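**Student:** Protein chains in written order, with the working numbering: chain A, 1 to 519; chain B, 1001 to 1452.
These are calculated hints, taken from the structure and not from any lab test.
Predicted model only: the values in this text are computed from it and were never measured.
From the three backbone atoms N, C-alpha and C, an ideal C-beta is built for every residue, glycine too.
None of the hints are false.
From the structure, some residues in chain A lie toward chain B, with a derived Cβ separation under 7 Å:
1) ASN107
2) PRO199
3) GLY303
4) PRO487
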Amino acid sequence: MSMNNQGRPTGIGSADSAVPDTITGNRGLQIEEPLIFEQDSAGRCGVDLPEVPAMRMRLGTVKPRAAVGLPGLAEPQVVRHYTRLSQKNYAIDSGLYPLGSCTMKHNPRLNEKMARLPGFSDVHPLQPESTVQGALELMDTLAHWLKTLTGMAAVTLAPAAGAHGEMCGIMAIRSAHEARGDTGRTKILVPESAHGTNPATAAACGYTVESIPATPDGRVDLEALKAKLGPDVAGLMLTNPNTCGLFEREILEIAEAVHGAGGYFYCDGANFNAIVGRVRPADLGIDVMHINLHKTFSTPHGGGGPGSGPVVFAESLAPYLPVPFVVKEKGDFRLVEEAGEGPAFGRMKAFHGQMGMFVRALAYMMSHGADGLWQVASDAVLNANYVMARLQDVMTPSFDGPCMHECLFDDRFLKGTGVTTLDIAKALIDEGFHPMTMYFPLVVHGALLIEPTETESKASLDQFVTALRALAERAKSGDVEYFQGAPRLTPRRRLDETGAARKPILRWTPPAEQAQAAE
Amino acid sequence: MRYLPLTEADRRSMLSAIQASPIKAATVDDLFRDVPKAARRPGPIEGLTNHMGELEVERALGSMAARNLPAGSCPSFLGAGAYRHHVPATVDHLVQRGEFLTAYTPYQPEVSQGTLQVLFEFQTQVALLTGMDVANASMYDGATSCAEAVMMANRVTRRKKAVLSGGLHPHYRDVTTTDARFIGFEADARPTDPMGSEDLAALVDEQTSCVVVQNPSVFGHVRDYTALAQACQARGALLIVVVTEAMSLGLLTPPGAMGADIVAAEGQSLGNTLNFGGPYVGLFAVKEKYVRQMPGRLCGQTVDADGRRGFVLTLSTREQHIRREKATSNICTNSGLCALAFSIHLSLLGEEGFTGLARLNHAKAGQLADRLAGVKGVEIVNDSFFNEFTVRLPKPAAGVVEELAQRRILGGVPVSRLYPGEMEDLLLVAATETNTDSDMDAFAKALSEVLS
Chain A
1 MSMNNQGRPT GIGSADSAVP DTITGNRGLQ IEEPLIFEQD SAGRCGVDLP
51 EVPAMRMRLG TVKPRAAVGL PGLAEPQVVR HYTRLSQKNY AIDSGLYPLG
101 SCTMKHNPRL NEKMARLPGF SDVHPLQPES TVQGALELMD TLAHWLKTLT
151 GMAAVTLAPA AGAHGEMCGI MAIRSAHEAR GDTGRTKILV PESAHGTNPA
201 TAAACGYTVE SIPATPDGRV DLEALKAKLG PDVAGLMLTN PNTCGLFERE
251 ILEIAEAVHG AGGYFYCDGA NFNAIVGRVR PADLGIDVMH INLHKTFSTP
301 HGGGGPGSGP VVFAESLAPY LPVPFVVKEK GDFRLVEEAG EGPAFGRMKA
351 FHGQMGMFVR ALAYMMSHGA DGLWQVASDA VLNANYVMAR LQDVMTPSFD
401 GPCMHECLFD DRFLKGTGVT TLDIAKALID EGFHPMTMYF PLVVHGALLI
451 EPTETESKAS LDQFVTALRA LAERAKSGDV EYFQGAPRLT PRRRLDETGA
501 ARKPILRWTP PAEQAQAAE
Chain B
1001 MRYLPLTEAD RRSMLSAIQA SPIKAATVDD LFRDVPKAAR RPGPIEGLTN
1051 HMGELEVERA LGSMAARNLP AGSCPSFLGA GAYRHHVPAT VDHLVQRGEF
1101 LTAYTPYQPE VSQGTLQVLF EFQTQVALLT GMDVANASMY DGATSCAEAV
1151 MMANRVTRRK KAVLSGGLHP HYRDVTTTDA RFIGFEADAR PTDPMGSEDL
1201 AALVDEQTSC VVVQNPSVFG HVRDYTALAQ ACQARGALLI VVVTEAMSLG
1251 LLTPPGAMGA DIVAAEGQSL GNTLNFGGPY VGLFAVKEKY VRQMPGRLCG
1301 QTVDADGRRG FVLTLSTREQ HIRREKATSN ICTNSGLCAL AFSIHLSLLG
1351 EEGFTGLARL NHAKAGQLAD RLAGVKGVEI VNDSFFNEFT VRLPKPAAGV
1401 VEELAQRRIL GGVPVSRLYP GEMEDLLLVA ATETNTDSDM DAFAKALSEV
1451 LS
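Bound-form chain A, shown alone (with noise of 0.2 Å):
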């Protein structure tokens, strides 16, 4: 080992390099937490109260609870647990986050500063309208901005998150059907390749859904649609750009022969990052598409949400909008929130929208403004194709470039090596990366979806590649006992999902308790 003048040591020699056994079981910054609920002490409060005054119940038969069983902390116990649960998150502000189909990209902090401005985040929705012009006005740019940059006829801004956008664009299908008085169609197609959500959803709604099968170039196969359209289908959901990362080349073709059999074209558009301000969906012949907000615009994913997931409209679909939405009468904003207004198929959430989200999101859009938005999705499809181009030597892309702002390989490079998909990526976890999507789309073998976004530099993507390529190379080699033992640097190692699954333990239970039931 190195020591300075000192003689104090100065690096770490290779019998030093093991981690140790701690007494704590802490290992430096990674610090074991217990459950906020293994912290309890009784009568102990992180908030101090006033007083609550002598009162006369009045809860008529209903009678004041025992006790809850909640844990009694302090303050900066509190601000401590969490602070080191947080430490235990892989985030975008600590690194590339490639997943595909997510689009985890830079969430700009001026967003949380401008959904924090009281005008904003203090204002009941059901304040009168006149107290609360400024927050329908800013839904009303909201609206502008995302019909202009789809050029779509119209939007609803209610849908909570992506799926839920999705229900409400098929809603919208299923009633100008009825609208029409068709209500033979029970088929929704939707392509192999399609997120899980889209027959899903189809199936709540009560269609029956029909795979379309993909062409080996990764798209939709035309012949096969066509041979499935008929007066029994309500219309196609398709995700465009797909989920194998490549863009619909015939997508004028699918929606002409869509349109031809009476159906309406929906389109997914989880992947619109990869477009945004240099192709409008209203020139793909799209009839209705739903936008992620916490994709394309910025909105931070939090762990798992809150999303938003407005949904634009054509002409022919424009009528068939949930309450509620804003209008303009003499230069005053409305919110129309009863169906009964027009012809509005009815509500899907209460209130109007995730309003947080769309001040986040349109805060991104001005940042970016028009240019900066064609950047973007020009920065997003670059930097895909380079992560394509460099990796496509040592692993196996699944199809010919270009991708669109995501690339897409397959399991083939692995094969013989013992070594699968999921042990690269916890592999890659110990390199300091978050993994990409894995076994996702279903269209091909040991899926790895790899989403850089515009946001990483070029030096963020080479370290990457290297690290992958070395990886790739490893695993050729026949080192399968590296990758099985992987992660091994996190705060906890690979866990038991089966386990878990078998004997479901979904909350903490007190050691009375525990103690009683193992019994």
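Chain A is already provided as a structure; the job is to place chain B on it using the hints.
**Tutor:** Frame of chain A; chain B shown alone:
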């Protein structure tokens, strides 16, 4: 552009690597060659502004924000499913930690133990509050939770008729009836029940999948649903209890103790601001035996390769990404960060804080009711309530509320806002810990002036 790290030199060098690869594209335009020619725009889309600096964006959005009246800037008594409570500073600080804010759904558990442990704790807190066995990792909001609860009851009972109480928030009712129409089940929405006097037990028959009640009701009435739960059970139907004010769970006998099978609730009151209606956080809790019919994500405890406790998303064979068209729901993204805010707020409150705060809310509402009862022409409709109640006015409530707003008082929600054309003389009024004595005095005084 501040969000884009690539330089022109980077772009050129990347394109030359792409040109040298089998992709063969010399320009970015060429990377878009699969897009039909007619759909390729020659340049940025017209009709929108170009990029702006932070300062300009702040000015533009700031001027929109300034045209709204923040509830905290004046005496405010609005509820009807969204409540203004004080959120401790710690909550927003922790929620904004990038590791929580900018993480995705925890699909890679080894690098998501933070989010996963939060969800496990959240599920436990929701189960404790509602008095149920198990809760999921959240839904979009209370209204969609309610609709999903009905669909779950339909699956469990293999029946297709839901009875919706006339005390159910009309937005919750409308979301459920919209789903009913498209998904294909019957939703029997009962007549509006401003007095809290309906009796639903007689409506439960062998075709009924569930009865949905709200406690406190949208009009504020508090009821014991134990007998209704028994009536449902006797006929093989489920009782769904909706809660739109989660704070009430700190004082009232919880739905689980009344015999509810499913609880669908709005969690906005804890940790989350009003946000003009969203994002909020739907709570969803059930009896243990129905776990595998639940919608949404579930976090479960397990062990890692070294035998240490850890957490994963589990029972995902219910979910769309595995089960596709056979999934229990199409929900994917939920309300993760709002659930985190809920959980942090509740951790700060603890047993003493949560129950104390609930009592304080009840006390404030009692004080407000007494004050308003003293205003000439005002009649308190409720004999029971938690922190919100209905008053009858001698003239249409919408106009009164508008006049109060001109005096910078947000004096409740006119019932006609929720039920257009109906009960125009009724007003919903809520009080929370944020309302001071002088707020209440100002409200009573202004109301008396407007009514005189």
